[in-house]
Amino acid sequence: MQHIGGVGTKLFQAERGRLQAEKKAIEEEARRILIEVALVYKALQMQEGLYADDLPVGSIEQVVAGLKRFKFPFAPLLLKVEIGSLGDASDFRFFHKIKSEAPKSLQKRFEALKSQATDILGKLSQAQPPTQEKDYAPLKEQIDVKIFKTPN
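So in numbering that gives the first Met the number 0, spot 136 of the sequence shown is number 135, and the numbers just go up one at a time.
Worth double-checking, as some hints may not be accurate.
[Stated by the list, open to error] The calculated lysine-lysine pairs, modelled on PhoX-like cross-linking and capped at a C-alpha distance of 20 Å, are:
hint, residue 1, residue 2
1, Lys70, Lys113
2, Lys79, Lys23
3, Lys67, Lys113
4, Lys113, Lys103
5, Lys96, Lys107
6, Lys67, Lys79
7, Lys23, Lys70
8, Lys79, Lys22
9, Lys113, Lys79
10, Lys98, Lys79
11, Lys122, Lys22
12, Lys23, Lys122
13, Lys107, Lys79
14, Lys122, Lys70
[What the hints assert, rightly or not] Simulated DEER-style distance windows between Cβ atoms:
hint, residue 1, residue 2, range
15, Ser124, Ser99, 33 to 39 Å
16, Glu100, Thr8, 52 to 58 Å
17, Arg92, Thr117, 40 to 46 Å
18, Lys67, Gln125, 20 to 26 Å
Because the hints were derived from the structure by calculation, they are not lab data. Please read these numbers as outputs of a predicted model, since none were measured by experiment. Cβ coordinates follow ideal geometry from the N, Cα and C atoms, glycine included.
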């Protein structure tokens, strides 16, 4: 019986590792979306003084942090994802690609990224790996059934 418990523990650890890796990938996607939204908004700010009072014109970190004012989905996403140090908008190829687009095109990009942010927030909220083996009881029962059940 001891061997069976060890198998369950190893399977739990492997699955927890897989779920943690999946969560990290989702966090990276969320980070990319937040940065792109900030870059789009910065490009909007730069166009003929549009949105000049809305967000800080400084570093991208400031613009990303300023996205909180739009509330959902950005405020909760910013609570779940660490952005880190980003530097200036000119450091991003994406910014050079979009900075001369028309305001209407930039607004469409902003709305599309907002929709992506909503989707990724849902995925990130669901991607919480279990922290203890007891949280994994349902899977362990399925494993035990598959290991010991004999075909009819």
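These are the hints, each one checked on the structure:
Restraint check: the Cα-Cα separation between Lys70 and Lys113 comes to about 11 Å, which is no more than 20 Å; the hinted pair holds. A C-alpha spacing of about 11 Å is found between Lys79 and Lys23, which places the hinted pair at or below 20 Å, so the restraint holds. Among the hinted pairs, Lys67 with Lys113 is consistent with the structure: their alpha-carbon atoms are about 12 Å apart, no more than 20 Å. With a CA separation close to 15 Å, the supplied pair Lys113 and Lys103 stays within the 20 Å bound.
The straight-line distance between the Cα atoms of Lys96 and Lys107 is roughly 15 Å, inside the 20 Å bound, and the hint therefore holds. Between Lys67 and Lys79 the CA atoms are separated by roughly 12 Å; this keeps the pair inside 20 Å, and the hint holds. Among the hinted pairs, Lys23 with Lys70 is inconsistent with the structure: their alpha-carbon atoms are about 23 Å apart, more than 20 Å. The hinted pair formed by Lys79 and Lys22 meets the criterion: a straight-line CA distance of about 11 Å does not exceed 20 Å.
At most 20 Å may separate the alpha-carbon atoms for a hinted pair to count; Lys113 and Lys79 meet this at roughly 16 Å. At roughly 28 Å between alpha-carbon atoms, Lys98 and Lys79 are farther apart than 20 Å, so this suggested pair is violated. The straight-line distance between the Cα atoms of Lys122 and Lys22 is roughly 9 Å, inside the 20 Å bound, and the hint therefore holds. A hinted pair counts as satisfied when its Cα atoms are at most 20 Å apart, and Lys23 with Lys122 qualifies at roughly 11 Å.
A hinted pair counts as satisfied when its Cα atoms are at most 20 Å apart, and Lys107 with Lys79 does not qualify at roughly 25 Å. Under the criterion of a C-alpha separation no larger than 20 Å, the hint pairing Lys122 with Lys70 is consistent with the structure, at around 18 Å. In this structure the hint that Ser124 and Ser99 lie 33 to 39 Å apart at CB holds, the actual value being about 36 Å. Distance hint check: the CB atoms of Glu100 and Thr8 are about 54 Å apart, consistent with the given range 52 to 58 Å.
Checking the proposed 40 to 46 Å range against Arg92 and Thr117 shows it is violated: the Cβ atoms sit about 25 Å from each other. Look at Lys67 against Gln125: about 23 Å separates their beta carbons, and that is inside 20 to 26 Å.
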